[in-house]
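Starting from the known structure of chain A, fit chain B onto it as the hints suggest.
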Amino acid sequence: MNAPILLNTSHFEQPWTLENYLKVGGYQALRKVLAEKMSPDAIIAEVKASGLRGRGGAGFPTGLKWSFMPRNYEGEKYLVCNSDEGEPGTCKDRDILRYNPHMLIEGMAIAAYAMGVKTGYNYVHGEIFEAYERMEAACEEARKAGYLGKNILGFDFEFDLHNHMGYGAYVCGEETALLESIEGKKGQPRFKPPFPASFGLYGKPTTINNTETLASIPYIISQGGKKFADLGVLNSGGIKLFSVSGHVNNPGNFEVPMGTPFKTLLEMAGGVRNGHKLKAVIPGGSSMPVLPGEIMMDLNMDYDSIQKGGSYLGSGAVIVMDETTCMVRALERLSYFYFEESCGQCTPCREGTGWLYRIVHRIENGEGRAEDLDLLLSLCENIAGRTICALGDAAAWPVQGFLKHYRSEFEYHIEHKRCLVKD
Amino acid sequence: MLSDQIQTKINRELGKYPAEQKQSAVMAALRFVQDEKGWIADEDMADVAAYLGMPQMAVFEVASFYHMYNLKPMGKHTLTVCTNISCMLCGSAETVAHLTKRLGIGFGEVTPDGKFGLREGECMGACVDAPMFTINNKKLCGRLTSEKIDQILAELDKQ
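Sequences listed follow chains A and B, in order.
Numbering-wise (this note's numbering), the first sequence opens with residue 1 and increments by one.
Numbering-wise (this note's numbering), the second sequence opens with residue 1001 and increments by one.
So here's chain A without its partners, still in its complex pose (with noise of 0.2 Å):
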């Protein structure tokens, strides 16, 4: 295994110090930035031969991101990163928040370099307090060094960093959601156009990037976007962060090059716990559709790979069921935090969200009826790209991946008014 990247100072016994980022060659790449006045679309190149994608779920390409920010816009611009990592299984953002939080202020400060701002926020999760702490103490002792502020580094560079903590919302993770949220206001999505490249955070140009996605550039500029890239596979460059949780022996957040095969982090994990038989994973966060674990034993950690099984890698957050779950009750669980985080502002999501877990429960409390399958199906075509945000589609793919590959678990739950699972 190579040394990590992301978590480079894991080794120190303060990981978090900016004495030990130093000591691992902590803000070069911003100084090599600096120093050689790169140019922003020499780093935006840098970025897109790197291939790295957006980390937090939804995959797009980042230097093509950056490059929609407006170039020669007179006034403020903002930089926003998300670390509302509240996707049911992720927690590897944490991880960098905790351990490494000087690479996400490089990185930080490396792309409001390249888009020409002087503002950036990084919107921490409400639960990780913790987190969050070691945040607003990493700012402060980057302030003080000098690698936030104005002058960085003793260059004509000017970029701050504020962090904001959310209190308990997942739509937040939504990016205007969360822009919503910073600007003081209950998290409910915006209409996209215009995008937030154009009207984002106070209505100004703003670009949202994930933490993970942020923590790579400062390896991409010091090393050269091709050797991250190599890292990983086609379409899928680089290394990533894995959260493994749910039934191993050794749940943790393993950080592994893209295309490692499923198998392998799965032994990194400990194996499936007490021996137990693998049952069905779901690749990428709870919103991704679940897969048998006959089929993830096939298939790598990369966009394609995953896609073609049928699900997607979302945030790289594997979540394992052994033969022991019910997938009824599994669903059960997952419906109800859809329907209890819908923002309300769309009907089908709204109304969809409730109507999808009420099913469920009455399915997996023995009062389902044999048309529920067929109505569950037909409410998920009836929210999935109906709304304004990704949630109601979020809700809908766990139920249409639950059914595909268990329907028949839930039909005996029907039918025989109690679980497969458990006779």
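Calculated directly from the structure, the hints in this document are not laboratory data.
It is possible that some hints are incorrect.
[To be verified] A partial selection of chain B residues facing chain A, derived with a Cβ cut-off under 7 Å:
1. L1002
2. Q1023
3. V1128
4. K1138
5. C1141
6. G1142
[To be verified] Some chain B residues well away from chain A (every beta-carbon gap over 10 Å; in silico):
7. K1009
8. K1022
9. G1038
10. A1041
11. M1088
12. G1104
13. G1108
14. T1134
15. K1139
16. L1140
We put the beta carbon where it would ideally sit given N, CA and C, even for glycine.
Using the frame of chain A, we list chain B on its own:
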């Protein structure tokens, strides 16, 4: 009236945002109120609204939208238990059963002595440490077992 301490903290937050965007500090302001009082009453929202120069209704919209604000009195130590998928697979049902039995309360309730409160939470973004709860939205306790929970409760009981 917002206490001097809260005002100092809010002023620090205001420094993060453009001068004309005071509303951006509303989430933090409500958090500070809850940290001090344990919950947010209508009067507190009115105080925050006046301090930030925004309509009281806009403050209420925020306070009622985000799950982590307590809009009714909760315990001195309020535990929020995640029951989402990864925690569920790792036994959050047992965590909840153990807490309910030990504290004699269910979700949304407070022990008669006001010491402990219990809430159900959604994904906390720490799934590899499942099952887990947070204490007063500040401290996250993961990889819970019955013994570990008893230990945490005993320590909190002393405070």
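**OP:** Starting from the hint list further up, note which numbers the structure goes against and sort them upward.
**Re:** Structure breaks hints 1, 5, 6, 8, 11, 14, 15, 16.
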